[in-house]
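Protein chains: 4
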Amino acid sequence: MSMGRKKIEWVANYMPLLNEIGRLGKPFKGWKIGMAIHMEAKTAYLALTLNKLGAEVIATGCNPLSTQDDVAKALSEMGITVYAKRTHDEKEYLKTIHNVLDHKPDLILDDGADLTVIAHTERTEVLENLKGISEETTTGVRRIKVLQDEGKLKVPVIAVNNARMKHLFDNRYGTGQSTWDSIMRNTNSLIAGKNVVVAGYGWCGRGIAMRAKGLGAHVIITEVDPVKAVEALMDGFEVSNMDRAVEKADIIVTSTGNKDIIKEEHLLKMKDGVILANAGHFNVEIPMEQIEKMAEEKFEARQNVTGYRIKGKRIFVIGEGRLVNLAAADGHPIEIMDLSFALQSFSLMYLSENYKNLENKVYEYPEELDKKVAYMKLKTLGIEIDYLTQSQMDYLKKF
Amino acid sequence: MSMGRKKIEWVANYMPLLNEIGRLGKPFKGWKIGMAIHMEAKTAYLALTLNKLGAEVIATGCNPLSTQDDVAKALSEMGITVYAKRTHDEKEYLKTIHNVLDHKPDLILDDGADLTVIAHTERTEVLENLKGISEETTTGVRRIKVLQDEGKLKVPVIAVNNARMKHLFDNRYGTGQSTWDSIMRNTNSLIAGKNVVVAGYGWCGRGIAMRAKGLGAHVIITEVDPVKAVEALMDGFEVSNMDRAVEKADIIVTSTGNKDIIKEEHLLKMKDGVILANAGHFNVEIPMEQIEKMAEEKFEARQNVTGYRIKGKRIFVIGEGRLVNLAAADGHPIEIMDLSFALQSFSLMYLSENYKNLENKVYEYPEELDKKVAYMKLKTLGIEIDYLTQSQMDYLKKF
Amino acid sequence: MSMGRKKIEWVANYMPLLNEIGRLGKPFKGWKIGMAIHMEAKTAYLALTLNKLGAEVIATGCNPLSTQDDVAKALSEMGITVYAKRTHDEKEYLKTIHNVLDHKPDLILDDGADLTVIAHTERTEVLENLKGISEETTTGVRRIKVLQDEGKLKVPVIAVNNARMKHLFDNRYGTGQSTWDSIMRNTNSLIAGKNVVVAGYGWCGRGIAMRAKGLGAHVIITEVDPVKAVEALMDGFEVSNMDRAVEKADIIVTSTGNKDIIKEEHLLKMKDGVILANAGHFNVEIPMEQIEKMAEEKFEARQNVTGYRIKGKRIFVIGEGRLVNLAAADGHPIEIMDLSFALQSFSLMYLSENYKNLENKVYEYPEELDKKVAYMKLKTLGIEIDYLTQSQMDYLKKF
Amino acid sequence: MSMGRKKIEWVANYMPLLNEIGRLGKPFKGWKIGMAIHMEAKTAYLALTLNKLGAEVIATGCNPLSTQDDVAKALSEMGITVYAKRTHDEKEYLKTIHNVLDHKPDLILDDGADLTVIAHTERTEVLENLKGISEETTTGVRRIKVLQDEGKLKVPVIAVNNARMKHLFDNRYGTGQSTWDSIMRNTNSLIAGKNVVVAGYGWCGRGIAMRAKGLGAHVIITEVDPVKAVEALMDGFEVSNMDRAVEKADIIVTSTGNKDIIKEEHLLKMKDGVILANAGHFNVEIPMEQIEKMAEEKFEARQNVTGYRIKGKRIFVIGEGRLVNLAAADGHPIEIMDLSFALQSFSLMYLSENYKNLENKVYEYPEELDKKVAYMKLKTLGIEIDYLTQSQMDYLKKF
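The listed protein sequences derive, respectively, from chains Y, G, R and B.
Numbering of the first sequence is given in our numbering, commencing with residue 24 and proceeding in unit increments.
Numbering of the second sequence is given in our numbering, commencing with residue 24 and proceeding in unit increments.
Numbering of the third sequence is given in our numbering, commencing with residue 24 and proceeding in unit increments.
Numbering of the fourth sequence is given in our numbering, commencing with residue 24 and proceeding in unit increments.
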C-alpha cells in the first residue's frame with residue numbers, strides 16, 4: 024500500500040463520525056462537490072466520504088504549502104479528481120482553483136473562500152449551477168460577508184466555524200494538545216517545572232494553558248482584556264504583563280490573533296535559551312522580521328527550530344513563527360477534525376436539501392445539526408445522556 | 024464589639040473593591056437609596072459603603088429566612104435605616120418593602136424585584152422621585168421585563184447579573200467553592216475517591232465539577248445538552264445519564280436550573296448512605312415531596328442533614344434541598360460578592376449621573392464599567408496587564 | 024436520640040470497614056481492652072466495634088481538650104466504661120488513666136502512650152495481665168522506644184502509624200482536605216486566585232498543596248530539603264524561601280513538623296489581612312508568643328479566628344496556631360479514620376492471637392494486615408484488582 | 024556543522040548542570056574513563072563534559088540499537104575515542120567492550136554492567152588499574168551484586184539509580200512526559216476524553232497517569248498491590264482489574280516491570296482500534312508473540328505503529344512493544360538526563376577522590392552529593408530555599 028493511502032487509512036480509524044456518515048446512503052448522487060482544503064490525510068478522508076455518499080468530488084488545496092503530494096496521489100487513485108501539488112506557486116495554485124470551477128460544481132466546500140470569491144468575481148458563469156457553499160473558517164466567512172454586503176453574493180452560505188461543536192472544540196482541545204505535541208517533539212525539552220507564558224486567554228489560550236498546567240508547568244497568562252485576566256487568575260494561573268513575563272519565561276506561546284505580541288524590548292529581556300512558538304492563525308504574533316534584524320547570528324538548531332543570537336543570548340523559534348501545530352507537527356488531532364468534518368458533511372446535505380428555500384446570504388450553522396453531531400459523537404462512545412421531559416420543558420418556559 | 028458588627032468588620036477585610044469605592048467621595052450626597060437584599064454581613068457592608076458615598080440608605084431583606092438579626096441590628100446602629108427581621112412572615116415582610124418605599128428613594132437596589140414591582144403597581148406615587156433601578160438577579164430582571172413588555176416600566180433599569188464580572192465569576196468560582204465548603208463541613212466526609220455526580224454542566228456545574236476533581240473525586244456529569252456533554256467528556260469527566268449515574272453515586276449535586284432532576288426511580292437505585300445536595304437556585308431539583316412520601320423513616324442525621332430511609336436504604340439530604348451553600352453554609356466567598364457589589368455601586372452611580380438620558384427600559388450592564396471593576400480587582404492585587412497599541416487596534420479592525 | 028448518639032450514628036454511616044469488622048464474631052470474648060484516645064464520635068465507634076467483637080472496653084481521652092462530653096455520655100450509655108471529661112485538668116486527666124488501668128486490661132489501645140508509660144512506671148502491677156499494646160502515633164512510639172531501650176518494656180507493641188494504609192492516607196488525603204475545610208468554613212474567603220504558601224512538602228504539605236491547587240490557588244512551597252523542593256517545582260508549584268514567600272502570601276499553612284517556621288522578620292513583611300493556619304502536629308510552627316508580643320492590638324475577628332495588629336497591618340490566625348483541622352473543624356474525614364481504626368482492630372486481634380510468640384519490643388505493622396485493610400476497602404467499594412500469577416511471581420524473582 | 028554535532032549542541036542548551044560541572048576545573052586530569060552508554064546526544068554531552076574536566080574518555084554503546092552514528096562520529100571528531108556503531112551485531116558489540124577495556128581505564132561509567140562484568144571475568148588484568156565504577160541502572164546493579172555475593176567484586180561501585188534525584192525524577196517526570204510525547208506524535212490521536220488504562224501505579228505509572236489526566240483523559244489504573252490501588256483511587260483515578268479495564272480502553276500503557284500484563288483473553292475483549300504502548304523497561308509487558316500468533320493480519324499502520332487484526336478487530340502497537348519513549352521518540356527530556364548525568368559526574372569525582380578508603384562493594388549514592396545536585400538545579404533556576412537553623416536542628420533531634 025502506498026504511503027499516502029496508509030496515511031488516509033490511519034486517520035479513518037479515528038474518524039468514527041465520518042465513518043458513520045459514510046453509511047447514510049447516496050444523498051449526493053448526481054451532485055458535484057468542489058473543494059479547496061488543506062490536502063492531507065484527514066481532509067482526504069472527508070473527500071472520500073463525500074464521494075461514498077454519491078458525490079463526484081473535485082478537490083484542490085487551499086494553500087500549496089500544506090499539500091502532501093503522497094496523499095494527493097493516493098486520493099486521485101481512489102476516485103477523486105485532484106489538482107493540488109505542493110510545489111505550486113501562487114499562479115499555479117490559482118489555476119487549480121479555476122480547474123475545480125471548470126467542473127461547475129453544485130456545492131462548494133471552502134476553506135478560506137478562494138473558490139467562493141473567484142466564482143463570484145472572475146468565474147460568474149459557474150454560479151448558475153451552484154446551489155450552496157459551506158465555509159470552514161472565520162477568515163473565509165469575513166471575505167464572503169464582504170461579497171454579501173456589496174450585494175454580490177449569489178448562493179446561500181453556511182458558516183461552519185460558528186458551530187459550537189467546532190469553535191468550542193478545535194481551539195481548546197485541538198490546539199491545546201497539538202501545540203504541546205509540537206513543542207515536545209521538536210525540543211525534547213521538559214515541560215514540568217518550566218515557566219510557560221501563554222499570550223492570550225481566549226479559547227486557544229485556555230486550551231494551551233490547561234495542557235501546560237497538566238504537563239506540570241508554571242503558567243503565566245498575558246491578556247489585554249481585564250475580565251479574562253481575572254478569570255485566568257481564578258483558574259489558578261499567574262497573570263502578568265508581557266514585560267515582566269518575558270523575564271521569567273522558559274517557553275512563550277502566542278495565541279492572541281493579534282500582531283506584535285512580542286516586541287523589540289521583550290526580545291532583549293529574554294532568558295538565554297528561551298523557546299518561542301506561535302499558536303495563532305497568522306505568523307504575525309512573534310516578530311520574525313525584528314528578530315532577523317536584531318540577530319548577530321542565525322542557525323538551524325534542530326529540525327524545525329531556528330536559533331538566533333541576540334546580544335549574546337540565544338532565542339529559539341519553532342516553525343518560523345507559523346502556527347506551531349501545523350508548521351512543525353501534524354495539526355489538530357484526528358478526532359477533532361472528525362467533528363468538524365461531520366459538521367461539514369451535514370452542512371452540505373442541508374444545502375442540497377434546502378437550497379431552494381434559502382436566501383443568498385451567510386447563515387449561522389443550524390442548531391439542530393450542531394446537536395446532531397454532538398449526539399453522534401456520544402453514540403459512537405456508547406454514552407447516553409438525559410432528555411428533557413415535557414414538564415421540564417414547561418418549567419423552563421415559565422422561568 | 025457586637026457579633027453583628029464583628030461579622031461586618033470581618034468581611035470588610037476581604038472586600039478591597041468596596042473599600043476602594045468607599046473612598047470615591049460623596050457622589051450620592053443628597054440621594055436616597057432603597058434596597059431589598061439578603062440581610063447579612065456582605066450586603067451590610069455594601070449598604071455602609073453606599074452610605075459612606077453620601078447616600079441615605081434604607082434597607083430591608085429580600086427574604087426573611089436569609090436575614091441575620093445581629094447584622095441587621097449592627098447595621099441599624101451604624102446609621103442605616105433597617106426594617107428586616109428574620110421572624111417576619113410573608114405579610115410582615117411585604118410591609119417592610121412598603122416601609123422602604125415610604126422613604127421615596129431616588130434609586131433602588133433590588134434583588135428579586137420586589138421593591139420594583141410593588142413600586143410600579145401598588146405604590147406608583149413613589150415613581151415620581153425614582154431615577155433608576157439596579158437589579159441583581161436573573162429572576163428579578165425577568166419580572167421587570169414583564170413590566171417593560173406591558174408598557175408599565177417607568178424608570179431605567181440596569182441588569183447587573185449580565186455583567187461578565189458577575190455571571191462568569193459567582194457561578195464558577197463562588198458556587199464551585201462554597202458548595203464543597205458546605206458539603207464538607209456538614210458531613211465530615213472524604214471527597215477523594217468518591218463518585219460525585221454533578222447534574223448540569225452550565226457555569227455552576229463546571230465550577231462544582233472542577234472543584235470536586237480538585238478534591239480528588241471521580242466526577243460524573245449528567246446533561247441534556249449534547250454539546251455540553253461532549254465538553255464535559257473532553258474536560259476529563261465521565262458522562263452518563265442520571266439513571267446509570269445514581270447507581271454509582273456517593274454524592275449527587277444538582278445545578279441545572281430545572282426541576283425533577285432526581286426522579287422516583289432514581290431514589291430506588293441509590294446506594295445506601297448517598298448524600299444529596301442542591302446548588303441550583305430553587306429547591307425543585309431534588310424531589311423533596313417525593314422523598315418525604317416514599318420514606319419509611321425520617322430523622323435528623325446531623326446539623327443541616329436530614330436522613331430518610333427508603334426501602335431500607337438511607338438517603339441524606341443537606342439543607343432540605345435548598346441552595347446548599349446558603350442554606351447550610353455562609354454563601355458565596357466574600358471576594359466574589361465584592362466583585363458583584365462593586366458592579367452594583369457603579370451601576371447606581373451610572374444611573375445617578377445618566378438617568379436623564381436613559382429610557383425607561385432594561386439596560387445591559389455597561390461594558391466599560393464591567394471592565395472598570397476587572398481593572399480595579401487587578402489593581403488591588405498589584406497585577407498589571409497589557410494594553411492594545413494603536414497599531415494592534417488597527418490590525419484587529421482589518422481582520 | 025441524644026446528640027452524642029446521633030454523632031456516633033452519623034460516623035457509622037461512613038465507616039464501612041469498622042462495620043464489616045464488627046461482623047467478625049467475638050474474637051475478644053473475655054478480653055478487657057483499655058483505651059486512651061480522643062473521645063469523639065469516630066473513636067467512640069471504634070470502642071463500640073471492639074465491644075461488639077466481645078471485648079469489655081474501658082476508655083478515657085488522651086487529651087481533655089478533645090473530649091466531647093455528649094459523645095462520652097452516649098458511649099457510656101451504650102455499654103462502654105468511660106472516664107473522660109472535657110473539663111478535667113491535668114491531674115484529673117491522669118487520674119482517669121489510672122482508672123482505666125485499675126481494670127487490669129488485657130490489651131491497650133494507646134494514642135500518645137500515656138497508658139503504656141504509666142503502666143510501665145507507676146502501675147507495674149497491671150503488666151502481669153497485659154498481653155499487648157497497639158499505639159497510634161509517632162510520638163507514642165518514640166516514648167515506648169525509650170522504655171524499650173532502657174530494657175523496661177514488658178509487652179509486645181505494634182506501631183500502627185507506620186502502616187502504609189495509615190501514613191500514606193491520613194496525611195495526604197485527610198490533612199489535605201480537612202485543612203481547607205477548616206480554612207474555608209472559618210474565613211468564608213475565596214481560595215481561587217489566592218497566593219497560598221505551604222511550608223513543608225512532606226506528605227501533609229503535598230496533600231495541602233494538591234488541594235489548594237484543586238481549589239484554584241496559586242501555591243508557593245517552602246522547603247529545607249532541596250530534593251523535595253525540586254519535586255515541588257516539577258509538580259507545577261512555585262518554590263521559594265519563606266522570606267520572599269511571605270511578601271506574596273494571602274494564606275500561609277505550616278506543615279513542617281518543626282518550630283519557628285514563621286519568624287519575626289516574616290511577620291513584618293506580611294500583607295495586610297494575611298491568614299495563618301498550622302497543619303503540623305504541634306503548635307510551634309506559627310510563633311504565637313512572638314505575635315502576641317509584637318501586636319499593638321489583639322481581637323476576636325470571627326469564631327476561631329484571632330486578629331492581631333502589627334505595625335498597623337492585620338494578621339489573622341485560625342485556631343490559635345493549633346492543628347487547624349482539629350482545633351477549628353472536625354478533624355480528619357470519617358473514611359480516613361475508618362482506615363486507621365481497621366488497622367487498630369486488626370492489630371489488637373493479632374496481639375490477642377500471637378502475644379505468646381511475640382517479644383517485648385516494638386513491632387512494625389504486619390504487612391499482611393496492612394494489605395488486608397486495603398483489600399477490605401476495595402471490596403467495600405466493589406473494586407476488584409489484579410493478582411500476580413505464579414509465572415509473574417517467578418519473573419519478579421528473576422529480575 | 025554536522026547533524027551529529029548539531030544534536031549535541033542542542034542538548035547542551037538544556038543541560039545547565041553539566042554546563043556548570045564542566046567549569047569545575049580538571050579533577051580528572053590524568054584519569055582515563057571508560058564508558059558504555061546509549062550513544063546519543065545527551066550521553067555524548069556527558070562524555071564531552073568528563074573530557075572537559077580533564078579525563079581521557081573512551082566510549083562505546085550499551086546497546087547497538089540505541090547508537091546514533093552521526094552523534095558517534097561527531098563525538099569522535101570532538102576528541103573522544105568512540106567504538107560504537109549502530110550496525111554492530113552482538114559479537115561486534117562485545118568486541119567494542121573489549122576495545123574500551125584495552126585502554127585500562129581508571130574509572131568505569133556503566134549502563135547495564137557489561138564493562139564491569141567482562142572486566143571481572145574475561146579481562147581481570149584491567150582490574151589492577153581500575154579504581155571505581157559508577158553504574159546507572161537497576162539491572163546493572165543487580166548484576167554487580169551477584170559478583171559481590173560471589174566475592175568477585177574488586178572495586179568500589181556506586182549505584183546511581185538509587186539517588187533520589189534520579190529515581191524520583193526520571194520515572195515520574197521523564198517517563199510521564201515522554202510516553203505521551205511518543206503516543207501523540209505517533210498517532211495524532213486526541214487524548215482528551217479517551218479512556219486510558221495505565222497498568223501499574225509505581226513511580227512510572229504515577230507519572231503516566233498524572234500526565235494523561237493533565238491531557239484530559241479519563242484514566243483507569245490496574246494494580247496488584249491493594250495499597251497502591253487505594254492511593255490511585257484517592258488521587259481521583261478509576262481503579263479496576265485488567266479484565267474490565269480492557270473493555271473500556273482506548274489506549275493502554277503498561278508500566279509494571281512485570282510480564283504478561285496483557286493476556287490472551289484481554290486481546291479478545293479489546294475495542295476495535297485500541298492503541299497499546301509499553302513504558303516498562305523490558306518488552307515483556309505486551310504479549311507480542313501472542314499477538315503475532317493470534318493475528319489474522321499484520322500491517323504497518325503508520326511510522327512506528329504496527330496494526331494487527333484479531334477476530335476482525337484492529338489492535339495497534341507502538342514501537343513493537345518496546346519502551347515507547349525510546350523506541351518511538353527521543354527518550355527522556357533533556358533536563359531529566361541532565362540531573363542523572365550530574366549525579367554520574369559527581370559519582371565519578373567521588374570515586375576518584377575516595378577510592379583508597381572505599382571497600383570493594385556496592386555503595387548507595389552519597390546523600391550529600393544527591394542534595395548537591397538538587398541545590399545546583401535550584402541555583403540554575405535562581406531559586407533559594409530555606410535552611411534549618413541550629414535551634415530547629417536541635418528541635419528535630421528532640422522530637
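No lab work stands behind these hints, which were simulated from the structure alone.
Among the hints, erroneous ones may be present.
[Unchecked claim] Taking lysine-lysine and the DSSO-like style, the derived pairs with C-alpha atoms no more than 30 Å apart in a straight line are: (1) B:LYS384 <-> B:LYS402; (2) R:LYS421 <-> B:LYS236; (3) G:LYS154 <-> G:LYS421; (4) B:LYS75 <-> Y:LYS336; (5) B:LYS118 <-> B:LYS177; (6) Y:LYS294 <-> B:LYS294; (7) Y:LYS379 <-> Y:LYS420; (8) B:LYS114 <-> R:LYS236; (9) Y:LYS52 <-> Y:LYS127; (10) G:LYS175 <-> Y:LYS420; (11) R:LYS292 <-> R:LYS316; (12) R:LYS402 <-> G:LYS236; (13) G:LYS421 <-> Y:LYS402; (14) R:LYS75 <-> G:LYS294; (15) B:LYS154 <-> Y:LYS236; (16) G:LYS236 <-> Y:LYS175; (17) B:LYS154 <-> B:LYS336.
[As the list claims (entries may be wrong)] Quick list of the computed label-pair ranges, beta carbon to beta carbon: (18) G:ASP172 <-> Y:GLU376: 54 to 62 Å; (19) G:PHE322 <-> B:ASN185: 33 to 41 Å; (20) G:LYS118 <-> R:LYS114: 24 to 32 Å; (21) B:ASN185 <-> R:TYR378: 45 to 53 Å.
[Stated by the list, open to error] Sample of chain Y residues with no beta-carbon within 12 Å of chain B, all distances over it, derived: (22) SER89; (23) SER201; (24) ASN218; (25) GLY280; (26) GLN326; (27) GLU387.
All figures in this text were calculated on a predicted structure; none of them were measured in a lab.
Ideal placement from N, C-alpha and C gives every residue a C-beta, glycine not left out.
Results for each hint:
1. B:LYS384 <-> B:LYS402: violated, 33 Å
2. R:LYS421 <-> B:LYS236: Violated - the C-alpha atoms of LYS236 of chain B and LYS421 of chain R are around 34 Å apart, more than 30 Å.
3. G:LYS154 <-> G:LYS421: violated, 41 Å
4. B:LYS75 <-> Y:LYS336: Satisfied, since the Cα-Cα distance of roughly 23 Å is no more than 30 Å.
5. B:LYS118 <-> B:LYS177: holds, 23 Å
6. Y:LYS294 <-> B:LYS294: violated, 47 Å
7. Y:LYS379 <-> Y:LYS420: The hint is violated at about 33 Å.
8. B:LYS114 <-> R:LYS236: Roughly 54 Å separates the two Cα atoms, so the pair is violated.
9. Y:LYS52 <-> Y:LYS127: Within the cut-off at roughly 16 Å; holds.
10. G:LYS175 <-> Y:LYS420: holds, 22 Å
11. R:LYS292 <-> R:LYS316: holds, 16 Å
12. R:LYS402 <-> G:LYS236: holds, 23 Å
13. G:LYS421 <-> Y:LYS402: Answer violated: LYS421 of chain G to LYS402 of chain Y is near 42 Å, above 30 Å.
14. R:LYS75 <-> G:LYS294: holds, 25 Å
15. B:LYS154 <-> Y:LYS236: violated, 46 Å
16. G:LYS236 <-> Y:LYS175: The given pair, whose Cα atoms are some 52 Å apart, is violated under the 30 Å limit.
17. B:LYS154 <-> B:LYS336: violated, 57 Å
18. G:ASP172 <-> Y:GLU376: 54 to 62 Å: violated, 37 Å
19. G:PHE322 <-> B:ASN185: 33 to 41 Å: violated, 57 Å
20. G:LYS118 <-> R:LYS114: 24 to 32 Å: violated, 60 Å
21. B:ASN185 <-> R:TYR378: 45 to 53 Å: violated, 38 Å
22. SER89: Since the minimum Cβ distance to chain B is about 15 Å, SER89 of chain Y lies beyond 12 Å and the statement holds.
23. SER201: violated, 8 Å
24. ASN218: The claim breaks: ASN218 of chain Y does not keep its Cβ more than 12 Å from every Cβ of chain B (closest is about 9 Å).
25. GLY280: Answer for GLY280 of chain Y: holds, closest chain B Cβ roughly 23 Å.
26. GLN326: violated, 9 Å
27. GLU387: With a cut-off of 12 Å, GLU387 of chain Y remains clear of chain B, as the shortest Cβ separation is near 26 Å.
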